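Trainee: Read off the chains here:
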Amino acid sequence: MKVMIIGCGRVGSVLANRLDEVGHQVVVLDKNQQAFKRLSEKFKGGRIVGNGLVEEYVRPTLQEKADILFAMTDKDNVNLMIAQRVKQHFQMERVVAVVHDSILSGLYKELGVETVCPTDLVIKDLLQTIQES
Amino acid sequence: MYIIVVGAGKVGYHLARLLMTESHDHEVMLIEKDRGKVDLLSMEFHDAIMEGDGSTVETLKEAGANRADVVVATTGNDEDNLVICQIVKLMFFRPRTIARVNNPRNEELFTGLGVDASVSGTKLINAIIHEQVRAGDMMIPLLTLKAGDIEIVEVQLTRSSHIVRKKIKDLSLPTGSIFIAVIRGEEVIIPYGETEFQPEDKVLALVKRESEPALRKIL
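Those protein sequence lines, which keep their order, are chains A and B.
Read in order, the letters of the first sequence correspond to residues 1 to 133 in the working numbering.
Read in order, the letters of the second sequence correspond to residues 134 to 352 in the working numbering.
There may be inaccurate statements among the hints.
Claimed, not checked - Partial list, derived from the structure: chain B residues whose beta carbon lies under 8 angstroms from chain A:
{"#": "1", "residue": "203"}
{"#": "2", "residue": "224"}
{"#": "3", "residue": "260"}
Unchecked claim - Stretch-level coverage of chain B by chain A, calculated; a stretch enters the list once three of its residues show a Cβ under 8 angstroms from a Cβ in chain A:
{"#": "4", "stretch": "165 to 174"}
{"#": "5", "stretch": "185 to 197"}
{"#": "6", "stretch": "242 to 249"}
The hints are simulated quantities; they were obtained by calculation from the structure and are not laboratory data.
It should be emphasised that the depicted structure is a prediction, and the values quoted were computed from it without experimental measurement.
Just so it is clear, CB atoms sit at the ideal spot from N, CA and C, and this is done for glycine as well.
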């Protein structure tokens, strides 16, 4: 699969490393060159320094048919805008936005934007831990 | 009218002030994330300013977005302005949403995604520049309708204008344009086929943007 990851933070970088390890074609974009230090030395995928909200930076990767895009910068609103814009401008199977605000995440699901909410996942996990103890 | 303005930057601050001084019937609430800015402005705005992230449901609810007539998102970040407007549309239904667009290329995206109206400073200035340039050639835009698709223009005829001494029925007007009034001295004439143009007439025409060059040609 061809995967684009926008935001090479703590989660984005690990996701990129894992996907690359198991043989997917990965392209990572981040505003900050330093962020790529989080990638493993063995990482074979592409690195783009740029702004995910500016089309010039994502177009080269997305127009030659990527299968999935993860918008996972540290800003919810940026991720939501990237996701909606990419859906409008490129024919993509799946576009996923990481949204930390739980209410916002639910709201955009209703709008047809695929969201993942880390807050919800942590809470779910913690509750499960409590139930198991 | 109850108007919520999100973002107390230059645009938001002056807009909120203008709305408040313009009419006492306007109730205004300015929402600002930055505590320092809120403190600074609270002397001036009293109860009409609150601290909070306007791109969250909680803050908008607290501000009373459910009873607002208009919500204007004026922050310097397009992604925030988009999310503010979308939350309002999804959760509070009632208010019309207006977004400031910082990057003119986002305007199209905004319109497709539930923002009722968007305003781009860059585009406005650009439009004014073009109008100034066009004003030089005697055709002055008076009013722009439907976001620039249709205009009412004024043309001052002179002795050398092509249409002087001609009747409207003898002209081939480009489609998408029509004469709506001829101002001759103190008199306003509603034109019809037999109306003959005279030098010094001022002609008002309604014209679609794409027909403008053709109209200019026949004048």
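Trainee: Which numbered hints turn out to be false for this structure?
Mentor: Those not satisfied are hints 1, 3 and 4.
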